[in-house]
Amino acid sequence: MRKSHPIRRVVLAGAATVSGIVLLLSLKPASDPASASAAGGAVPPAAAQESAQGGAQAAGQSTSTGDAAQTQYGAVQVRITVVGNKITKSEAVQAPQGGTSTQKTELAVPKLNAAVVAKQSPDIDTVSGATYTSEGYKKSLQSAIDKANAAASAAQPSQGASAPAQGAAASKTLTGTVAQTQYGPVQVRITVSNGKITKAEAVQAPQGGTSTQKTELAVPKLNAAAVAAGSADIDSVSGATYTSAGYKKSLQSALDQAGG
Amino acid sequence: MTTTLAGGRAARRQTMRRIRPRRSPAVPLVIALWAGAAAVLWLWWDNTPSLADNTAKILAAGRITGLLAGYLMALVVLQMARVPALERRVGSDRVARWHAMSGRYTVSLVIAHVFLITWAYALQAGKSLGDFVQQFMDMVTNLPDMGKAAIGTGLLVVIALLSVGGVRRRLPYDTWYHVHLLTYAVVFLTFWHQITTGNEFAVQPTAKTFWYGLYGIVTALVVWYRILTPLRLNLRHRMYVEAVIEETPGIVSVLIGGKKLHRMGAEAGQFFRWRFMAPGMRFSSHPYSLSAAPRPDMLRITVKAIGDHTARLRELRPGTRVWAEGPYGALTAQRRSRGKVLLVAGGVGITPMRALFETLPGASGDITLLYRANSTQDLALWDELATIADERGARLMYAVNSPDGERPDISAERLRQKLPDIDDHDVFLCGPPGFAQSVYDSLRDAGVPARRIHHESFEM
Numbered sequence: 001m002r003k004s005h006p007i008r009r010v011v012l013a014g015a016a017t018v019s020g021i022v023l024l025l026s027l028k029p030a031s032d033p034a035s036a037s038a039a040g041g042a043v044p045p046a047a048a049q050e051s052a053q054g055g056a057q058a059a060g061q062s063t064s065t066g067d068a069a070q071t072q073y074g075a076v077q078v079r080i081t082v083v084g085n086k087i088t089k090s091e092a093v094q095a096p097q098g099g100t101s102t103q104k105t106e107l108a109v110p111k112l113n114a115a116v117v118a119k120q121s122p123d124i125d126t127v128s129g130a131t132y133t134s135e136g137y138k139k140s141l142q143s144a145i146d147k148a149n150a151a152a153s154a155a156q157p158s159q160g161a162s163a164p165a166q167g168a169a170a171s172k173t174l175t176g177t178v179a180q181t182q183y184g185p186v187q188v189r190i191t192v193s194n195g196k197i198t199k200a201e202a203v204q205a206p207q208g209g210t211s212t213q214k215t216e217l218a219v220p221k222l223n224a225a226a227v228a229a230g231s232a233d234i235d236s237v238s239g240a241t242y243t244s245a246g247y248k249k250s251l252q253s254a255l256d257q258a259g260g
Numbered sequence: 001m002t003t004t005l006a007g008g009r010a011a012r013r014q015t016m017r018r019i020r021p022r023r024s025p026a027v028p029l030v031i032a033l034w035a036g037a038a039a040v041l042w043l044w045w046d047n048t049p050s051l052a053d054n055t056a057k058i059l060a061a062g063r064i065t066g067l068l069a070g071y072l073m074a075l076v077v078l079q080m081a082r083v084p085a086l087e088r089r090v091g092s093d094r095v096a097r098w099h100a101m102s103g104r105y106t107v108s109l110v111i112a113h114v115f116l117i118t119w120a121y122a123l124q125a126g127k128s129l130g131d132f133v134q135q136f137m138d139m140v141t142n143l144p145d146m147g148k149a150a151i152g153t154g155l156l157v158v159i160a161l162l163s164v165g166g167v168r169r170r171l172p173y174d175t176w177y178h179v180h181l182l183t184y185a186v187v188f189l190t191f192w193h194q195i196t197t198g199n200e201f202a203v204q205p206t207a208k209t210f211w212y213g214l215y216g217i218v219t220a221l222v223v224w225y226r227i228l229t230p231l232r233l234n235l236r237h238r239m240y241v242e243a244v245i246e247e248t249p250g251i252v253s254v255l256i257g258g259k260k261l262h263r264m265g266a267e268a269g270q271f272f273r274w275r276f277m278a279p280g281m282r283f284s285s286h287p288y289s290l291s292a293a294p295r296p297d298m299l300r301i302t303v304k305a306i307g308d309h310t311a312r313l314r315e316l317r318p319g320t321r322v323w324a325e326g327p328y329g330a331l332t333a334q335r336r337s338r339g340k341v342l343l344v345a346g347g348v349g350i351t352p353m354r355a356l357f358e359t360l361p362g363a364s365g366d367i368t369l370l371y372r373a374n375s376t377q378d379l380a381l382w383d384e385l386a387t388i389a390d391e392r393g394a395r396l397m398y399a400v401n402s403p404d405g406e407r408p409d410i411s412a413e414r415l416r417q418k419l420p421d422i423d424d425h426d427v428f429l430c431g432p433p434g435f436a437q438s439v440y441d442s443l444r445d446a447g448v449p450a451r452r453i454h455h456e457s458f459e460m
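So the protein lines, in turn, are chains S and E.
For the first sequence, the residue numbers in this note's numbering are 1 to 260.
For the second sequence, the residue numbers in this note's numbering are 1 to 460.
Hints were generated in silico from the structure; no laboratory data involved.
Since this is a predicted model, take the numbers as computed values, not measurements.
Be aware that a few hints might be false.
Said to hold, decoys possible - With the Cβ distance kept under 8 Å, some of the chain S side facing chain E (calculated, not the full set):
# : residue
1 : Ala16
2 : Pro29
3 : Gln70
4 : Gly184
5 : Gly230
Stated by the list, open to error - With a straight-line Cα cutoff of 20 Å, these simulated EDC-like cross-link-like pairs (lysine to aspartate or glutamate) come out:
#  : chain 1 : residue 1 : chain 2 : residue 2
6  : E       : Lys340    : E       : Glu242
7  : E       : Lys340    : E       : Asp424
8  : S       : Lys119    : S       : Glu91
9  : S       : Lys28     : E       : Asp53
10 : S       : Lys221    : E       : Asp53
11 : S       : Lys196    : S       : Asp256
12 : E       : Lys304    : E       : Asp383
13 : S       : Lys28     : E       : Asp46
14 : S       : Lys86     : S       : Asp123
15 : E       : Lys127    : S       : Glu216
16 : E       : Lys304    : E       : Asp404
17 : S       : Lys196    : S       : Glu216
Idealized CB from N, CA, C, for every residue including glycine.
With these hints in hand, go ahead and build the complete structure from the sequences.
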């Protein structure tokens, strides 16, 4: 019959729980290593396999599955069906589930699928209210398209790897396309040297009313994040979701130009 | 001379053969509990690739607290499912303390979960903390099963508030108990949102199966041991009040008749939860120990009239139907590991000790009973105890206040003086909390190892 110390027990249990949860949270990386390497453009072995398959049936219909893009709500993975040079179908093999995520996935994925087939490019609009899912979708879509292209070019080996050589050139400035948001256009200009973003700035951003404030709040953060991440996979600034999404879209298009 | 010695030795050997100490399964159960908690955390860990920003971290903390709360909720209910392994091996008193402890912890986790998830979703939607309530209402109205979950959580908070020490003492036991039963509704109402909105369960089918399995098993155990087992017991044994006897002022014995009562599996030292089908008594059941070894046609409980319920026992009419659930309690001969036994009873704590005094196997001189009461008039069942002591060659001692009200000395020295080999005894202890604590301390000082002091205490 040990003496019980209720207060001590409550304090200990509370402290142990809080520190345990904080420890668990701090052990998780800020971004997923797998998705980071996928964004870096290295071709994982899976892609080689895919392309071999794709090559075998290059003449007719082929499917290509992109790398899974991790978002903070779960993985997004896109599979496209290509006939000839056209994407005839796009679908999400994986998408975030659970809580509001299920709703958002149900809302966004059909729209994104339709947009891909309509636009034939990864440059599709973010579905508002499902920013993360949309961004993940686009990233995985890009990788699916890259693989489909790789498979197609494998069939014609004469076209060698010319892009990497170009990437090694000196510093250059690239301006992305104008991304329309509901508060106004966003356009991003980046300076790239040796394949790295050394500077990012907004040429245009929403102005007027709260938009001015939001632009002032968000753009410097987004500029810094773009340089730090070296990709369009940057976090939205909370409170400036639309501006962030537009920024990312324009940034992506600038990066696409850089990639050749 | 030699024959008696040989006889004594043979008797001793026979006693030792009948002593089969059974370990309490408390340690493996606690290990299983931690393993389960680790598995639940793994569900989260495996499902979360990265945490991008503070919003994601808050959301993750909300999910962790939610998962743990869901897991513990099942265990808190399991602890009260009256599973024999818990009630008879770990001990009802200990399990009740676990229940209270884990219940409080679970409610805290639930509150943290609600707060963290709402906060994270509000941040995600770009809302300020001022829109907290609005965000909460959004979630409750828009997400599947969240309406039910909100009602369940509200109920849970009410139940928790009514169980806080000070409030509970002011509440009639019956009211508190029946409100407490609403926890089953809480578990039902809050279960579904875990499955439908819980990220881990939506994504991982194995996790979902695991969760259904956990709650399914707990439900099955509750139905089996809280409903079907008592139903069968009472249909089989059909108990009724045979007589009510006043032992000493304020202490009554109730004799209970029925069919094949020795087949109920009750051992000396155990108790049943009794419900008497008399006006004002049928809606609540109370735990009372058997004060004699069960006989085929009769059980006996002995109760001190302190509360409403115990006072009414005195007015029970013979023939009143009795509904019993049990037997429960781990203060039985199974706990014993030594040949010699000291039983210590304080006041009405004599009831299980009286039954053990009569039935514990032992040769002459092996069993000692120390009975503490305020005065010699308060030594209920004394005549019976004296008869048993005579028949078995057991020792019987009492300690009462001196005429000027001074308390008797039950110190380590005094105990060692009376029983020089006290450190080679198993001690069974039953009495009011203060008394039990002080005797426990004296026993430890006298050199009795903690694992050989067996006691039951229903103080939370």
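Next pair to validate is Lys28/S with Asp46/E; report whether the Cα-Cα distance is within 20 Å. Distance ~11 Å between Lys28/S and Asp46/E Cα, so the pair holds.
Holds or violated: Lys196/S and Glu216/S, Cα atoms, limit 20 Å. violated, 25 Å
Regarding the pair Lys304/E and Asp404/E, is the alpha-carbon distance no greater than 20 Å? Violated - the C-alpha atoms of Asp404/E and Lys304/E are around 24 Å apart, more than 20 Å.
Status of the Gly230/S interface restraint (C-beta, 8 Å, chain E): violated, 16 Å
Given hint Glu216/S paired with Lys127/E - CA-CA distance at most 20 Å: holds, 19 Å
Identify whether the interface hint at Gln70/S stands, where standing means a beta carbon of chain E within less than 8 Å of its own. holds, 4 Å
Hint check, Pro29/S versus chain E [nearest Cβ-Cβ separation less than 8 Å]: For Pro29/S, the interface hint holds, since the closest Cβ of chain E sits about 5 Å away, which is under 8 Å.
Can you verify the interface hint for Ala16/S: is its Cβ closer than 8 Å to any Cβ in chain E? violated, 11 Å
Sort out whether Asp53/E lies within 20 Å of Lys221/S, counting only the CA atoms. holds, 14 Å
For the hint on Gly184/S, just tell me whether its beta-carbon gets within less than 8 Å of chain E. violated, 18 Å
Mind checking the alpha carbons of Lys304/E and Asp383/E for me, to see if they're no more than 20 Å apart? holds, 18 Å
20 Å Cα cutoff - pair Lys340/E, Glu242/E: violated, 36 Å
In this structure, the hints that do not hold are numbers 1, 4, 5, 6, 16, 17, in rising order.
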